[in-house]
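> Next come the chains, spelled out residue by residue.
4 protein chains.
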Amino acid sequence: MNTIGQLFSVTSFGESHGSHVGCVIDGCPAGLLLDQDQIQKQVNRRKANQSVFATARKEEDIIDIISGVFENKTTGTPICILIKNKDLKSEDYDQLKDIYRPNHADYTYAAKYGTRDHRGGGRSSVRITAPLVAAGDIAYQLLQQKTAIQTTAFVSQIGSVALMNRNEYQHLDLLHIDGNELRCPDENTARRMKILIDEVQTEGDTLGGVITCVVKNVPVGLGEPIFSKLHAQLGHAMLSINSVKGFEYGYGFDASAMKGSEYNDIFEMTDGNISTQTNFSGGIQGGISNGMDIFFHVAFKPISSIRKTQQTIDTKGQSVSLNIGGRHDVCAVPRAVPIVEAYANIIVADAILQAKLSTI
Amino acid sequence: MNTIGQLFSVTSFGESHGSHVGCVIDGCPAGLLLDQDQIQKQVNRRKANQSVFATARKEEDIIDIISGVFENKTTGTPICILIKNKDLKSEDYDQLKDIYRPNHADYTYAAKYGTRDHRGGGRSSVRITAPLVAAGDIAYQLLQQKTAIQTTAFVSQIGSVALMNRNEYQHLDLLHIDGNELRCPDENTARRMKILIDEVQTEGDTLGGVITCVVKNVPVGLGEPIFSKLHAQLGHAMLSINSVKGFEYGYGFDASAMKGSEYNDIFEMTDGNISTQTNFSGGIQGGISNGMDIFFHVAFKPISSIRKTQQTIDTKGQSVSLNIGGRHDVCAVPRAVPIVEAYANIIVADAILQAKLSTI
Amino acid sequence: MNTIGQLFSVTSFGESHGSHVGCVIDGCPAGLLLDQDQIQKQVNRRKANQSVFATARKEEDIIDIISGVFENKTTGTPICILIKNKDLKSEDYDQLKDIYRPNHADYTYAAKYGTRDHRGGGRSSVRITAPLVAAGDIAYQLLQQKTAIQTTAFVSQIGSVALMNRNEYQHLDLLHIDGNELRCPDENTARRMKILIDEVQTEGDTLGGVITCVVKNVPVGLGEPIFSKLHAQLGHAMLSINSVKGFEYGYGFDASAMKGSEYNDIFEMTDGNISTQTNFSGGIQGGISNGMDIFFHVAFKPISSIRKTQQTIDTKGQSVSLNIGGRHDVCAVPRAVPIVEAYANIIVADAILQAKLSTI
Amino acid sequence: MNTIGQLFSVTSFGESHGSHVGCVIDGCPAGLLLDQDQIQKQVNRRKANQSVFATARKEEDIIDIISGVFENKTTGTPICILIKNKDLKSEDYDQLKDIYRPNHADYTYAAKYGTRDHRGGGRSSVRITAPLVAAGDIAYQLLQQKTAIQTTAFVSQIGSVALMNRNEYQHLDLLHIDGNELRCPDENTARRMKILIDEVQTEGDTLGGVITCVVKNVPVGLGEPIFSKLHAQLGHAMLSINSVKGFEYGYGFDASAMKGSEYNDIFEMTDGNISTQTNFSGGIQGGISNGMDIFFHVAFKPISSIRKTQQTIDTKGQSVSLNIGGRHDVCAVPRAVPIVEAYANIIVADAILQAKLSTI
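One line per chain: the protein sequences are C, S, F and X, in this order. Each residue of the first sequence is one higher than the last, beginning at 39 in my numbering. Each residue of the second sequence is one higher than the last, beginning at 39 in my numbering. Each residue of the third sequence is one higher than the last, beginning at 39 in my numbering. Each residue of the fourth sequence is one higher than the last, beginning at 39 in my numbering.
If we strip away everything but chain C, and leave its shape as in the complex, we get (with noise of 0.2 angstroms):
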């Protein structure tokens, strides 16, 4: 329930305001080579790093690889990567003890366990995918010493103000995507989404968006069809983060509208490889990677912790108005980028390591 991943299987745990969060990797291949540095930076990525989305809550998130790792080799035995939880003042959270706020997952976590840890959401906190940030970057680094493998995940929409086509990412610069604090890599579109979050910043209201991820080099062959589709793997992985209400791949949605003259990608030979002259199908079809790009979308719901006063009830039913106090993010979309990053990264490990045991 609190593993992703079949072979390379990633077990979560910890809470928002517990000792720590963390995480274990088990069915890492040995003899990996680790770059700490870049471990920790993806995940400092995930940190707010600015003025206007920034949450007051101060985080040091140092990790901590307390197994598995011998000599900055893996081992082939399981990983465990912790994070302190540094700020522990629970008490500031004691008034939120007995309030169900809107639609965060106070009620549901009540009602399923009978107990919640209320602390700043407890388990249901985005603040417990800081170690899959982690993971997933050990991912990343198997996939680049096996393969050409190259994950970017960017912002292709904040609340209204969108990428002009987020399936028409050919033309932008994915080698740049942390050039603007929106993680957008087109400038204009960028300033736009600022100006968005700048007027709701000051309404004291919050937004959604878009995640757009794009991964180039796969090799031919990774999912497991019937029901470890790479497609199927990468949506239950993007619906497992914080606030993600949609996942499509390729034309996803819009391929509906679609006929099928129009959507078929007719193949080709190139340069000796098979390839196919459009990519409408997002480079998996039938579940299996066939050499395109792989891309895909992911929707965010705005942040439910909105500074306007809201109604809504206490454990006890009784209706109650709900301020909450200090400052919170406007919109975590571009927090958002590595991990969904990471998450995709661990997919692909994954399917790299399935893909092995395919043929005798």
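Keep in mind the hints are simulated off the structure, nothing from the lab. Treat the hints with care, since some could be wrong.
If several chains are the same, the list does not tell them apart, and a pair holds so long as it fits within one copy or across any two.
Keeping only pairs whose Cα atoms sit at most 30 angstroms apart, straight-line, the calculated DSSO-like set for lysine-lysine is [stated by the list, open to error]: (1) K111 - K124; (2) K122 - K85; (3) K111 - K394; (4) K254 - K354; (5) K184 - K394; (6) K254 - K232; (7) K111 - K346; (8) K111 - K135; (9) K354 - K135; (10) K111 - K122; (11) K135 - K232; (12) K184 - K124; (13) K346 - K184; (14) K135 - K394; (15) K111 - K354; (16) K354 - K79; (17) K394 - K232; (18) K135 - K297; (19) K394 - K122; (20) K79 - K122; (21) K394 - K254; (22) K122 - K254.
Starting from the known structure of chain C, arrange chains S, F and X on it as the hints suggest.
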């Protein structure tokens, strides 16, 4: 890899033109009284049932439950369901033996496995869903005997013709989805869909579409964070269906453009029960059902086999012209309605079993 | 619950007197050329083959591979194997419907599931191993094409008659285990076993015994600590066979009485390879194969159905006298030899696949 | 691979001389009130506690539960348990870096993974069981709050000194196993064991032994045929413990020499409950508990590290003489008693959860 569901676990096997397609359910509790006629009826719904989008292939999908049921009651042991493949003219497919059809899984299977059963798509054929529809109906009967859960799928879009707003399904009559051949509960839209299909049929082209699914009367507490969230399990299942390109639940991609103050579902008490005034969340918060309707949308690409001539390559990489003979479906989406329902019921039944274990 | 093997994964289904018994193999690599005659031959070895310990029931266990194999080659998709149950005289078992036979699973199944298929033991019948023997032979053919591994099981004890020292199998001719009906490679011991069986047959009583299994030419490195150690997987598999009460590998329980200096296998180089001078360890150290022979012993209890009158209770708790009519096996151990081999081959094939993933 | 239990699922991580050893429990129901002192007490039982068989290494195994528990109650989220490794003198092990110690896992780990953490056995050290003993105690507390199940393990053999008949444990006082340092409930046998240990200590040699475990008050119906039979799960768990070479339940290997008429446990009614007159079966029939005591035996080989000089080879294949310095255990079996109990409790707790799903 060919198994879905963790506790109500369904393993699929079979190819389009092998002797049988089938599945094994492991984990169905003992003591469930099965109505086999109802299962057969649901399987029949998957078959093409009328002129416009029918395949020439006449399937008589008689289910044969060969284990796990004794005197019409489940025994707690694995339930194997077989459906015989009747129409074994493999030679019909000989012309396709050496060709990679556009947008089929021919190429990816061949590349992955080094070999493939080319007859009628082999393992990648939608035919393998027939016994899974039966499994889904067993899941449904389990739900019926334990809960008031009601799962209904319907066609909300065919090609460019769509319901006005698929998120506003409340006024639709979900009890009579099969009232028209399009399985669209709005007669006017259904008529327009039919006109479009007739046109596209004449052109020799094909269409995709969207299926919407609504699950009513769901108890609070289904779903297992953080990697078996209810919507992630549903998404995984839906993305496993042939031709599916996208999944969204609640307001999905539309939620990305909303503000928090617009999107947040406000809790209230109605008749002593906690509910929300709106249901943008689609009945799932933090990965756990909150008691409101669960609804989601599934995007299908157009059918790959078109009657128009297409360029493609053969297995040697030579360019060839492809004319796929015979009659073919224009649109598979109405036939996929019982598949969506079946997979949803499997996931929900699984979640019901999981939820038994949430508390001590 | 009904699946064994993590990568070469076999799911069993079926009951003694349902229409079929069968299994599904998920994870067999594509491209394996299958000799179906050899599979059938191995399944035939499981059948009673001569007068003394034969059952009256005449089984013709014709295997039917209904998926996953195309033109005699595995396709990488799930392989379903069916065996029809021929001898469906359920009424023969009506007298047993309301009785809990001593040492059978009648009572525990009824108590657990609230219902049971009482015909011939239902799911708890050893008959369900027939298709698993076929699955084991597919595993064996996989091993043959990839390795020099050779798995041989034989009877080392029947009742009180045993080989002198079952750990010293080196002088035995393991190539002709089926040379006598007892499947004991020592002719003298086999004769004594036969005499014992004849005596016990006359008494209307039954016998158990021990099967020893030797796996030769195992590559170093099979087994996945710490919960998929090779011997733990083998033990799990063997303990899953009907009537098995114990498992030991290497010197097993005898090792408990040895001192470290006696037991330690000393490493040495022979012909440039690392080996050990002795093999008390039974070819596995730290859960991982070390290249020496793997050998283990499996203890079977006597057959539960005896011809003598026994006291027992019926389903209402009333005391009853039980006379089980018909002819019954005196000893099932020789018939279990191919089952032990099959399960061992499944586990070793699974470990071979796992080992592909050990290093980057 | 490093996970045991399907529903009460425990994933182990850590090495002997890394910073921590630990585990994650996924699937522990919410609402379990935990007595952390009792957990610590059980972990302490695993430590060497007196002169004769103590290691020089002084371990202070303080458990740290870093997630899944809030205000002493389980929350239904994963429980991570850490134990810090205190005694990090890695250089003590430098002499062993290039040597394959006889009967250790040095060679097999190196061969499998191409690399290894040589410090103190790394992952193959018994130290990694410390947090698993904690996990086992959480399982035990779950059992205590839901059932009357009582699990007791004790030493029934050390080297050549054994209890008269380990299957006849009924007269032993199982409530005071820790009454002597051998954890053998028969004082006379314990004394003889102590004499043997003293002798062998002088010789610089080591001993193995047998642990017997009795599980009382087990409800009928635990165990999931056919591949999660209760005894197969128990056997798998026990065979996962370091140094274990054999497992038998009920009369085990002795049953192989019995006749059916001697072995069959006759059903009878006592006080309105079904029981058996004898319990040769060891409380499990057809893989499912029948309500009688479950008992089983676990064989341990002698400790591999002896004080005597041994021949072995180094990693280059050169012959070397090995003198392992420092003080070492003569016999680890008494220390393994809480490990056996812990693993048994994990399996039984898992089976209790599974059994919740048996019937509709």
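> Each of the hints needs a verdict: does it hold here or not?
Hints, one by one, checked against the model:
For the identical chains of this complex, K111 and K124 are neighbours both inside a copy (28 angstroms) and across copies (23 angstroms), given an alpha-carbon limit of 30 angstroms. Within a single copy, K122 and K85 get their C-alpha atoms as close as 14 angstroms, and across copies as close as 28 angstroms, so both meet the 30 angstroms cut-off. Taking the shortest Cα distances, K111 and K394 sit within 30 angstroms of each other both inside one copy (22 angstroms) and across copies (19 angstroms). For the homomeric pair K254 and K354, the shortest alpha-carbon distance between copies (25 angstroms) is at most 30 angstroms, but the shortest distance inside one copy (52 angstroms) is not.
Taking the shortest Cα distances, K184 and K394 sit within 30 angstroms of each other both inside one copy (12 angstroms) and across copies (14 angstroms). In this assembly of identical chains, K254 and K232 lie within 30 angstroms of each other by CA distance solely inside one copy; the values are 29 angstroms within and 40 angstroms between copies. In this homomeric assembly, K111 and K346 never come within 30 angstroms of each other (Cα to Cα): the closest approach is 50 angstroms inside a single copy and 34 angstroms across copies. When the C-alpha separation of K111 and K135 is checked against a cutoff of 30 angstroms, the pair qualifies only between copies, where the shortest distance is 16 angstroms, while the shortest distance within a copy is 44 angstroms.
Taking the shortest Cα distances, K354 and K135 sit within 30 angstroms of each other inside one copy (12 angstroms), while across copies they are farther apart (53 angstroms). With identical chains, the CA atoms of K111 and K122 are at most 30 angstroms apart both within one copy (23 angstroms) and between copies (21 angstroms). Taking identical chains as interchangeable, the C-alpha atoms of K135 and K232 are never at most 30 angstroms apart, the minima being 34 angstroms within one chain and 55 angstroms between chains. For the identical chains of this complex, K184 and K124 are neighbours neither inside a copy (36 angstroms) nor across copies (37 angstroms), given an alpha-carbon limit of 30 angstroms.
Proximity of K346 and K184 under a CA criterion of 30 angstroms is satisfied in neither setting, with 50 angstroms inside one chain copy and 41 angstroms between copies. Taking identical chains as interchangeable, the C-alpha atoms of K135 and K394 lie at most 30 angstroms apart only when they sit on different chains, with a minimum of 26 angstroms there against 49 angstroms within one chain. In the homo-oligomer, the alpha carbons of K111 and K354 lie at most 30 angstroms apart only across protomers (21 angstroms), although the nearest pairing inside one protomer, at 53 angstroms, exceeds that limit. In the homo-oligomer, the alpha carbons of K354 and K79 never lie at most 30 angstroms apart, since the shortest distance is 44 angstroms inside one protomer and 39 angstroms across protomers.
For a Cα distance limit of 30 angstroms, the shortest separation of K394 from K232 qualifies neither inside one copy, at 45 angstroms, nor across copies, at 46 angstroms. For the identical chains of this complex, K135 and K297 are inter-copy neighbours only, at 26 angstroms across copies versus 53 angstroms inside a copy, given an alpha-carbon limit of 30 angstroms. Neither within a single protomer nor between protomers do K394 and K122 lie at most 30 angstroms apart by alpha-carbon distance, with minima of 36 angstroms and 33 angstroms respectively. In this assembly of identical chains, the alpha carbons of K79 and K122 lie at most 30 angstroms apart whether taken from the same copy (16 angstroms) or from different copies (27 angstroms).
When the C-alpha separation of K394 and K254 is checked against a cutoff of 30 angstroms, the pair qualifies both within a copy, at 20 angstroms, and between copies, at 25 angstroms. For a Cα distance limit of 30 angstroms, the shortest separation of K122 from K254 qualifies neither inside one copy, at 34 angstroms, nor across copies, at 41 angstroms.
Hints 7, 11, 12, 13, 16, 17, 19, 22, counting from the list given before, are not met by this structure.
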